[in-house]
Amino acid sequence: MEAFVLAAADFAGRLGESNQPDLLWARELQALSFAVHIPLTCFGIAFPAMVLFVEGLYLRTGDPTYRALAKRWSKVMLLMFAVGVVTGTILSFELGLLWPNFMATFGDVFGLAFGLEGFSFFIEAIFIAIYVYGWDRLPPRVHLLTGVPIVIAGLTGSLFVISVNGWMNHPVGFDIAANGDIVNVRPWEALFNENFWHEYVHMYFAGTMVVGFLVAAVYARAWLRGDRSKYVRTALVVPLTVAALTAPAQVVIGDWAGRTVADLQPTKLATFEGLAETTEGAPFHFFGWYESDGQIKGGIEIPYLLSILAYHDPNATVQGLDAVAPDDRPGPVNTVRFAFQAMVGIGTLLAVLGLFYAGVYWRKRRLPRTRWFYRGLIAAGPLAVVALIAGWVTTEVGRQPWIVYEVMRVEDAVTDASGLPFAFAAVALVYLALAAAVVWLLRRLASRPPDVEVAEQVDA
Amino acid sequence: MAELCLALAMLGLTAYAVLGSADLGAGLWDLTAGGAERGGRVRGMIQRSMSPVWEANHVWLIFVLVILWTAFPVFFGSIMSTLYVPMFLAALGIIGRGAAFALRGQAATLNEARFLGALFASSSVIVPFCLGAALGGIASGRVPVGNALGAPFESWLNPTSLLIGVLAVVTGAYVSAVYLAADARGAGIEDMVAAFRRRALASGVLAGAIAIGGLFVVRADARDLFDGLTSGGGLVFVALSAVLGAATLALVWTGRVAPARWGSAAAVACVVIGWAFAQSPDLLPGELTFDEAAASDATMTALLVSVAVGMLVLVPSLVYLYRLVLRGDLQQQFEPLDQRFRPITANDHPREEPSP
Ligand code: HDD
Ligand code: HEM
Ligand code: HEM
Numbered sequence: 001m002e003a004f005v006l007a008a009a010d011f012a013g014r015l016g017e018s019n020q021p022d023l024l025w026a027r028e029l030q031a032l033s034f035a036v037h038i039p040l041t042c043f044g045i046a047f048p049a050m051v052l053f054v055e056g057l058y059l060r061t062g063d064p065t066y067r068a069l070a071k072r073w074s075k076v077m078l079l080m081f082a083v084g085v086v087t088g089t090i091l092s093f094e095l096g097l098l099w100p101n102f103m104a105t106f107g108d109v110f111g112l113a114f115g116l117e118g119f120s121f122f123i124e125a126i127f128i129a130i131y132v133y134g135w136d137r138l139p140p141r142v143h144l145l146t147g148v149p150i151v152i153a154g155l156t157g158s159l160f161v162i163s164v165n166g167w168m169n170h171p172v173g174f175d176i177a178a179n180g181d182i183v184n185v186r187p188w189e190a191l192f193n194e195n196f197w198h199e200y201v202h203m204y205f206a207g208t209m210v211v212g213f214l215v216a217a218v219y220a221r222a223w224l225r226g227d228r229s230k231y232v233r234t235a236l237v238v239p240l241t242v243a244a245l246t247a248p249a250q251v252v253i254g255d256w257a258g259r260t261v262a263d264l265q266p267t268k269l270a271t272f273e274g275l276a277e278t279t280e281g282a283p284f285h286f287f288g289w290y291e292s293d294g295q296i297k298g299g300i301e302i303p304y305l306l307s308i309l310a311y312h313d314p315n316a317t318v319q320g321l322d323a324v325a326p327d328d329r330p331g332p333v334n335t336v337r338f339a340f341q342a343m344v345g346i347g348t349l350l351a352v353l354g355l356f357y358a359g360v361y362w363r364k365r366r367l368p369r370t371r372w373f374y375r376g377l378i379a380a381g382p383l384a385v386v387a388l389i390a391g392w393v394t395t396e397v398g399r400q401p402w403i404v405y406e407v408m409r410v411e412d413a414v415t416d417a418s419g420l421p422f423a424f425a426a427v428a429l430v431y432l433a434l435a436a437a438v439v440w441l442l443r444r445l446a447s448r449p450p451d452v453e454v455a456e457q458v459d460a
Numbered sequence: 001m002a003e004l005c006l007a008l009a010m011l012g013l014t015a016y017a018v019l020g021s022a023d024l025g026a027g028l029w030d031l032t033a034g035g036a037e038r039g040g041r042v043r044g045m046i047q048r049s050m051s052p053v054w055e056a057n058h059v060w061l062i063f064v065l066v067i068l069w070t071a072f073p074v075f076f077g078s079i080m081s082t083l084y085v086p087m088f089l090a091a092l093g094i095i096g097r098g099a100a101f102a103l104r105g106q107a108a109t110l111n112e113a114r115f116l117g118a119l120f121a122s123s124s125v126i127v128p129f130c131l132g133a134a135l136g137g138i139a140s141g142r143v144p145v146g147n148a149l150g151a152p153f154e155s156w157l158n159p160t161s162l163l164i165g166v167l168a169v170v171t172g173a174y175v176s177a178v179y180l181a182a183d184a185r186g187a188g189i190e191d192m193v194a195a196f197r198r199r200a201l202a203s204g205v206l207a208g209a210i211a212i213g214g215l216f217v218v219r220a221d222a223r224d225l226f227d228g229l230t231s232g233g234g235l236v237f238v239a240l241s242a243v244l245g246a247a248t249l250a251l252v253w254t255g256r257v258a259p260a261r262w263g264s265a266a267a268v269a270c271v272v273i274g275w276a277f278a279q280s281p282d283l284l285p286g287e288l289t290f291d292e293a294a295a296s297d298a299t300m301t302a303l304l305v306s307v308a309v310g311m312l313v314l315v316p317s318l319v320y321l322y323r324l325v326l327r328g329d330l331q332q333q334f335e336p337l338d339q340r341f342r343p344i345t346a347n348d349h350p351r352e353e354p355s356p
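Residue numbers (the numbering used here), protein chains in the order written: chain B, 1 to 460; chain Y, 1 to 356.
These are calculated hints, taken from the structure and not from any lab test.
Treat the hints with care, as some may be off.
Pair by pair, the computed Cβ-Cβ distance ranges are [to be verified]:
1) Y:Ala151 / B:Val324: 58 to 66 angstroms
2) B:Asn184 / Y:Trp262: 57 to 65 angstroms
3) B:Glu17 / Y:Glu3: 30 to 38 angstroms
4) Y:Trp253 / B:Glu189: 34 to 42 angstroms
Beyond 10 angstroms from chain B on every Cβ pair, some chain Y residues (computed) [to be verified]:
5) Ser231
6) Thr299
7) Val313
8) Leu318
Bear in mind that the values here come from a model prediction, so they are computed numbers and not experimental data.
Glycine included, every Cβ here is placed at the ideal spot set by N, Cα and C.
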């Protein structure tokens, strides 16, 4: 690490210095695009397995309800995939359009991951088409099997991008020569950097929670309206069970993430709390406001909590923001603080909700009866999305001002092209329109009675 | 090794030029199909044929981008920062295309379908034009190495760029008409075979005329590129492409649309390869050779190994997909778009009763 810090002071990358007055717009545009893409990709990560599970139920029991549900869900899956594809394509363009110097300098270090990812997208695109358009055309068993590659590709597709993000946080697999050249590139080492493992597992569970709670929320509404049909019951129980099992586990994984951050990126960890000075037995403040003088105004102080979170030891010493030069501190600190707290708070709530459901089911073998549970579920879906975005804000804004941690700054990576505010406005408008269209379409799909799906079967 | 990586990028570009432009070209036919009733059958045919393959075709573009930034990072950084305007417009167009694709299958009224169709069609023109114009900027030596050092507009609004942009749009239309004619033949919808044959002939002749006339434009605007295209390997492939193009037209003329499909793809591939020869050994003419631009050996080895392994999975999957498609196993029912909407009254569900 030491060598990087020395080199970073005058490290300008292969395309040379940049002089972009609108850096902030570039960052916001990148953030906006991720915030749109990532929730969509959760459906690629976790939904196919649920669809296949329901189709499997149909094959075992022959009950057309399952078939109707699986078919309906597969249409949603295709829609989400198509929108995920276009938003993902935008991201690929943006990497070059917004951060050309980052790509020119490090493209060969981490590019391998994207290359592998490309193949998994291919597989996903191919089999999702076969699966969705193959209903009633392929023999039932073959049809189920064509879904398996989608499940696998959902796992690997996110694996490789996250490896890139892990690498940006823990850049390994190359050396910097005295003249600033990137030499001795070791792409496989870059691919499996140390930050990758917790990020991947944490993101995978997050994706599962998001889809589980969102889908369950849709059917919780029907349940509250009094619809107790087998269709709604299945559509509620499957995602809910998945979400209820992953939510408590996510807290444990989040703890692992926190300890890795303490280890690899102590400055980022200090930003989670707004810890101005290196402290032994550091506290944690819920809420409150980090002032520029390094104090937290207001908020609820829990003594020793930060030390416990970071090192599982109430007296451990936690490095503060003062350990690095003011220029090298992430900002704005409060953005990271609130994002982190939102994630942890929501994560805890969702874990409680999941445990409650699991407990009732364990003891009484039935769904909870209280209406509050279902109202909670309706809130849980959107909350999980908020936690997801908040988690990424924590990671990404907490990494600032570096695009490649302690090697390259965002202001050196950014493009010199003009018109960034305009680009931001255009993309924002397009995403708004896209979101409206997707919501419109999902409602259209939902408004059709499920027997539409079954009726076609009778014809076939 | 740099050559191998370049060959991969070229392979991806060719695949996208053939498969992606067939999809994008279809948008043009959608646009010009005429009024709701007259054009309904044409639009229905397009919807039927393109839905199952759209996404797989599109991934080739991502493949190209990824190979470029991994194997030739400085090249990638330089073109994206100088050619930001056309690249950005193309990206927006891609959103429009994807959205139209995803949504139109569910449109419930003719007006909705029309709106989405217009979106599809306009992005179908924007995307190939912008990408073609960007290629023209590269080929005519207007992109320097560096962070946005080239001219933001002149780099893609110049004679060569305009030529290649227009050519990309027309070629896409041609490839797609041939593909759709062959597909209609497979499905036994003869009036659509005739309709798309007519379109293929018209756009094929036009594409040929633009290509030939364009040589003079290139000669005046980008002499080095012209010399490359008219000597050595460049000349061989340009000539081959012309022969293939003419042969394909003859096949379409005589109604043999199925083999024409392969011929038109090969003609497009020859143009891409001819261009590579014409420019070699430069990636950015006069600025950067591909040896200079190449990533480290370790990276390229890793990339080639992983692509080779990936192909082992990808090729059989693609074969499976296209076999199902060619057999018609995945195509949705042929449903003229205007008819789909006929039985609808104000606010009911159109698909509840499949029309007999
Ligand atoms: C549903 C989503 C969700 C939930 C409930 C949680 N997280 Fe999280 N968290 C994410 C979704 C997420 C994420 C979006 O997936 C991130 C962004 C980067 C990453 O690896 O995962 C993330 C990052 C992230 C990081 C930063 C990792 C880094 O910068 O490398 C930490 C320390 C935590 N999380 C800790 C927690 C804790 C202690 C939680 C306990 C309640 C928790 N998260 C719940
Ligand atoms: C690979 C997975 C990556 C993920 C999931 C990811 C996710 C995110 C998210 C969620 C945000 C902030 C969202 C918000 O503020 O609403 C963000 C911000 C950002 N990301 Fe990443 N990112 C990734 C990789 C990258 C890459 C490859 C780049 C650049 C080349 C990048 C550069 C940035 C920048 C500059 C910001 C703005 C930070 C700020 O607003 O302070 N990230 N990213
Ligand atoms: C947490 C971060 C990310 C995750 C989890 C993720 C995951 C996925 C997944 C699962 C898909 C498949 C499509 C779907 O199911 O909707 C997808 C699509 C895509 N993603 Fe991301 N992605 C992330 C960030 C990025 C980044 C940083 C890029 C930038 C290069 C990117 C580029 C793409 C592209 C190009 C596609 C389209 C693939 C296709 O055509 O099939 N993604 N992403």
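Verify this label for me: Thr299 (chain Y) is non-interface relative to chain B, using a Cβ-Cβ cutoff of 10 angstroms. violated (4 angstroms)
- Query: Is it true that the C-beta distance of Asn184 (chain B) to Trp262 (chain Y) lies inside 57 to 65 angstroms, as the hint says?
  - Reply: 46 angstroms Cβ-Cβ, so the 57 to 65 angstroms window is violated.
inquiry  = Please check whether Glu17 (chain B) and Glu3 (chain Y) have a Cβ separation lying inside 30 to 38 angstroms.
reply    = holds (33 angstroms)
| task | Starting from the hint 34 to 42 angstroms, judge whether the C-beta atoms of Trp253 (chain Y) and Glu189 (chain B) obey it. | result | violated (58 angstroms)
In terms of Cβ atoms, is chain B entirely out of 10 angstroms range of Val313 (chain Y)? Non-interface label fails for Val313 (chain Y): nearest chain B Cβ at 6 angstroms, not farther than 10 angstroms.
The output says Leu318 (chain Y) does not contact chain B. Does that hold with a beta carbon cutoff of 10 angstroms?
Given a closest Cβ separation of 6 angstroms, the condition is violated.
Ser231 (chain Y) clear of chain B by more than 10 angstroms, beta carbon to beta carbon? holds (32 angstroms)
* Asked: Has the hinted range 58 to 66 angstroms been met by the Cβ atoms of Ala151 (chain Y) and Val324 (chain B)?
  -> For Val324 (chain B) against Ala151 (chain Y), whose Cβ atoms are near 40 angstroms apart, the range 58 to 66 angstroms is violated.
In summary, the numbered hints that this structure violates are 1, 2, 4, 6, 7 and 8.
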